[in-house]
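J.: Sequence:
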Amino acid sequence: MGALDAVAGRVAGGATVMFRPSGSSMVPLIRSRQQVVVAPVDPSKLEVGDIVLARVAGTVYLHLVSSVDLARKRVQISNNRGRVNGWTSHDRVFGICVAVDGVTRSGIVGKALAADSNDSSS
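Numbering (numbering that gives the first Met the number 0), first residue to last: 0 to 121.
I should point out that these hints are in silico values taken from the structure, not numbers from a laboratory. There may be inaccurate statements among the hints.
Label-pair distances were calculated between CB atoms; the ranges are [what the hints assert, rightly or not]:
{"#": "1", "residue 1": "Arg-32", "residue 2": "Arg-71", "range": "16 to 24 Å"}
{"#": "2", "residue 1": "Glu-46", "residue 2": "Gly-81", "range": "28 to 36 Å"}
{"#": "3", "residue 1": "Arg-71", "residue 2": "Pro-27", "range": "26 to 34 Å"}
{"#": "4", "residue 1": "Gly-81", "residue 2": "Gly-1", "range": "21 to 29 Å"}
{"#": "5", "residue 1": "Arg-71", "residue 2": "Thr-103", "range": "18 to 26 Å"}
{"#": "6", "residue 1": "Gln-34", "residue 2": "Ala-70", "range": "18 to 26 Å"}
{"#": "7", "residue 1": "Gly-8", "residue 2": "Asp-100", "range": "18 to 26 Å"}
{"#": "8", "residue 1": "Val-108", "residue 2": "Gly-1", "range": "25 to 33 Å"}
{"#": "9", "residue 1": "Gly-22", "residue 2": "Ser-66", "range": "31 to 39 Å"}
{"#": "10", "residue 1": "Ala-113", "residue 2": "Gly-81", "range": "32 to 40 Å"}
{"#": "11", "residue 1": "Ser-31", "residue 2": "Arg-71", "range": "30 to 38 Å"}
{"#": "12", "residue 1": "Ala-2", "residue 2": "Leu-69", "range": "28 to 36 Å"}
C-beta: ideal position from N, C-alpha, C; glycine also.
Given the sequences, and given the hints that come with them, work out the whole structure.
T.: Quick look at the structure:
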């Protein structure tokens with residue numbers, strides 16, 4: 000089980016979670032070890048460019064929505080370097096990134112669901 004699996008479980012359970020993901024696939028949107036806040040999301044409101052916590056083919060990613068298929072209730076997930084991870088159904092999209100290092104992301108209004116409470120992990 001990867002580090003993001005535990006975060007995904009908490010977000011799927013209704014918590015808004017702060018954590019510091021590592022890796023460079025989302026630079027410059029998210030740099031390695033920057034603090035992010037991920038809240039539960041209404042997947043039907045997602046748009047291209049949203050950063051989501053989602054499971055694709057068994058792996059949990061904090062990556063971009065690169066395409067939306069509302070008819071089939073799924074989204075395509077990609078990193079910020081052009082690599083497409085694949086399509087995933089709405090029930091495998093756990094949360095949306097609402098802030099990076101304390102800066103609220105634009106375009107998130109109305110997408111995040113009410114969360115139980117802030118939870119933080121490093």
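J.: It remains to establish, for every hint, whether it holds in the given structure.
T.: Consistency of the hints with the structure:
no.	hint	in the structure
1	Arg-32 with Arg-71: 16 to 24 Å	violated, 35 Å
2	Glu-46 with Gly-81: 28 to 36 Å	violated, 19 Å
3	Arg-71 with Pro-27: 26 to 34 Å	holds, 31 Å
4	Gly-81 with Gly-1: 21 to 29 Å	holds, 22 Å
5	Arg-71 with Thr-103: 18 to 26 Å	violated, 30 Å
6	Gln-34 with Ala-70: 18 to 26 Å	violated, 36 Å
7	Gly-8 with Asp-100: 18 to 26 Å	holds, 24 Å
8	Val-108 with Gly-1: 25 to 33 Å	holds, 30 Å
9	Gly-22 with Ser-66: 31 to 39 Å	violated, 22 Å
10	Ala-113 with Gly-81: 32 to 40 Å	holds, 35 Å
11	Ser-31 with Arg-71: 30 to 38 Å	holds, 33 Å
12	Ala-2 with Leu-69: 28 to 36 Å	holds, 31 Å
The structure shown violates the earlier hints numbered 1, 2, 5, 6, 9.
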